[in-house]
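Assemble the whole structure, with the sequences as input and the hints as a guide.
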Amino acid sequence: MSSPVRVRFAPSPTGPLHIGGVRTALYNYLFARKMGGKMLLRIEDTDQNRFVPGAEEYILESLRWIGIEIDEGQGVGGPDAPYRQSERKEIYQKEAQRLIDEGKAYYAFDTAEELDAMRKRLEQANAPAAQYNAITRMQMRNSLTMKADDVKARIEAGDPFVIRLKTPRKEEVRLNDLIRGWVTVHSSAIDDKVLLKSDGLPTYHLANIVDDHLMGITHVIRGEEWLPSAPLHVLLYRYLGWESTMPQFAHLPLLLKPEGNGKLSKRDADLGGFPIFPLQWTDPTTGQVARGFREDGYLPEALVNFLALLGWNPGTEQELFTMDELIATFDIAQVHKAGARFDIQKAQWFNHQYIRQRPDSELAPTVQQQAEAAGFACSLEKAEKIVSLLKGRVNFAHEIFTEASTIFNAPTTYDEAIVAAKWNEDAIRAVTVFRDALQTFDGDFVADAIKHTLSDTMQQAGIKQGKIMQAMRLALTGLGAGPDLMLTLEIIGKDETIKRLENALSIL
RNA sequence: GGCCGAUUCGUCUAGCGGUUAGGACAUCGCCCUUUCACGGCGGUAACACGGGUUCGAUUCCCGUAUCGGUCACCA
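For the first sequence, the numbering used here gives the first residue as 14, with consecutive numbering after it.
If you are wondering where the hints come from, they were derived from the structure by calculation, not from laboratory data. Since the model is a prediction, treat every value here as computed from it, not as a measurement. Check before you lean on any hint, since a few could be wrong.
No farther apart than 25 Å at their CA atoms in a straight line, the calculated lysine-lysine pairs in the DSS-like style are these [unchecked claim]:
hint, residue 1, residue 2
1, K512, K398
2, K165, K102
3, K179, K210
4, K279, K350
5, K165, K210
6, K160, K179
7, K165, K117
Restraint-style ranges between C-beta atoms, simulated for each label pair [said to hold, decoys possible]:
hint, residue 1, residue 2, range
8, E412, T453, 36 to 42 Å
9, P297, L191, 34 to 40 Å
10, D461, Q382, 26 to 32 Å
11, T295, P241, 30 to 36 Å
12, T295, E509, 40 to 46 Å
13, A433, E238, 56 to 62 Å
14, L393, D296, 34 to 40 Å
Where a beta carbon is used, it is the ideal one built from N, C-alpha and C, also for glycine.
Written as structure tokens, this is what we have:
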């Protein structure tokens with residue numbers, strides 16, 4: 014009870030990390046930090062068929078980007094190494110053997126075809142569930158039905174076999190979930206799960222329990238899809254003699270599709286035009302590229318904030334949290350029980366908030382790079398001014414450059430509706446006298462001074478400023494709307510401003 | 001289908017027997033902005049249904065409905 018908290022994130026390297034996995038990792042991390050405990054990273058690569066090269070590195074980099082620090086495990090090392098399950102084969106085999114020796118598990122030699130036939134037969138007989146269990150096991154080819162000598166002979170001959178758990182026929186299995194409370198399942202609903210596969214590697218169930226025990230895991234925080242097999246895990250802890258130190262379970266609600274039924278999938282993300290992976294991912298076999306939150310312009314702190322609040326809420330009205338604030342307020346017991354729909358609009362809003370908060374100097378290099386990539390000269394100083402003018406208008410940093418297009422590009426066309434409505438005698442006269450005034454303008458070409466010049470000249474010319482402002486904007490940017498015009502001109506500079514006014518005069 | 005779980009505005013959620021059911025996103029309106037956006041202010045909008053328990057149920061219990069998860073030598 015008083016042992017220090019140790020949690021683990023245990024992904025499978027079968028591809029890029031799903032955003033739901035990121036949230037699971039985040040909740041583990043928040044819990045660990047909150048409790049002053051440790052966060053481990055274990056790689057569950059017991060399925061050789063589904064192994065994808067690069068996936069492990071991807072997981073590591075994703076966690077790093079999102080700001081989740083691993084205390085022990087793959088990538089950082091630790092006292093319980095190795096942390097890759099494929100490298101711990103012997104450990105699982107030893108425990109599986111122990112279960113066999115103690116009569117809690119058995120060898121099974123059934124082929125895939127035989128298993129298939131058994132399931133079909135049971136289905137046709139209208140059995141409640143077609144499973145390998147306390148009843149059906151006695152009709153199958155395993156060490157419970159075969160003579161000991163035959164079993165021994167087959168194993169020695171190198172025949173493929175699996176080790177199955179001898180699940181009790183009638184037993185109530187209970188577990189106290191931190192989020193859901195007591196969950197009770199009857200053992201008849203659990204079948205004789207394969208613990209050790211014919212390739213000698215363990216299944217998730219065995220590997221998971223053995224490792225969590227050996228690594229001193231105190232709390233298992235994982236997705237709700239594991240809830241149905243949790244009773245099986247309790248049974249395994251019991252059979253392995255580790256029930257007194259069994260970790261506490263907490264099953265997290267799932268992330269659901271933005272609309273319609275079911276859990277969030279890659280397809281929903283594609284349909285909705287948003288990412289579902291933290292980082293961009295290139296499939297090593299097909300070469301297909303899947304977008305990432307990072308590459309799409311999401312700030313890690315925005316994604317963390319968004320994810321943290323999908324399924325958990327501190328009960329206050331605060332919406333914006335730093336990682337430290339999340340850690341301080343996180344409470345696993347307050348995690349919601351029902352699944353949460355994934356609403357990308359809210360994620361964008363969070364990003365907007367964090368972009369707004371960012372110092373101009375941090376956003377400026379992005380703008381500068383984009384400008385230069387597009388063939389425009391742009392000093393860091395200029396980029397910073399652009400950022401300060403536009404960052405409040407956007408959700409993503411890269412949109413600042415897009416918003417700044419009227420700064421970099423002199424208008425080549427002019428909004429026709431505005432031309433028709435606003436480009437009149439007064440407008441032409443206003444633009445003309447303003448240009449003249451700027452030609453003799455000396456001093457700092459800054460927004461305030463420009464503004465004074467404009468209002469002075471308009472007054473002298475007897476033109477009401479309000480009447481011609483939109484035409485002035487049209488002449489300078491080609492558009493009828495946009496950010497503060499005076500600040501825009503300051504960034505554009507005097508010469509370019511005059512040039513644009515003259516252009517408008519000759520074209521319109 | 002069996003088993004397990006869930007159910008408060010369109011969405012994320014607060015609520016833990018007595019509230020005008022609160023906040024946020026989205027949406028709508030107003031203000032600000034000589035424009036647009038941002039921002040500020042305000043509006044529309046929810047306790048799945050039926051039984052109990054109780055002086056009193058969104059809140060506790062039981063059903064029903066709906067949704068979800070799971071039933072592999074995948075995790």
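Hints and how they fare:
Between K512 and K398 the CA atoms are separated by roughly 21 Å; this keeps the pair inside 25 Å, and the hint holds. Annotation: proposed proximity of K165 to K102 holds, straight-line Cα distance about 22 Å (limit 25 Å). With a CA separation close to 15 Å, the supplied pair K179 and K210 stays within the 25 Å bound. For the given pair, K279 sits about 23 Å from K350 by alpha-carbon distance, which is consistent with the 25 Å threshold.
Only pairs whose Cα atoms come within 25 Å are accepted, and K165 paired with K210 is accepted, the gap being roughly 18 Å. Distance check on the hinted pair: K160 and K179 sit about 18 Å apart at the alpha-carbon level, within 25 Å; holds. For the hint linking K165 to K117, the alpha-carbon distance of about 18 Å falls within 25 Å, and the restraint holds. The given range of 36 to 42 Å is respected by E412 and T453, whose C-beta atoms sit roughly 38 Å from each other.
Under the hint 34 to 40 Å, the C-beta atoms of P297 and L191, about 38 Å apart, fit the expected range. Our hint of 26 to 32 Å for D461 and Q382 holds, since their Cβ atoms are close to 30 Å apart. One distance hint, 30 to 36 Å for the beta-carbon pair T295 and P241, holds here, with the actual separation near 34 Å. Hint check: T295 to E509, Cβ distance near 41 Å, so the stated range 40 to 46 Å holds.
The hinted range of 56 to 62 Å is satisfied by A433 and E238, whose Cβ atoms lie roughly 60 Å apart. In this structure the supplied range 34 to 40 Å holds for L393 paired with D296, their Cβ-Cβ distance being about 37 Å.
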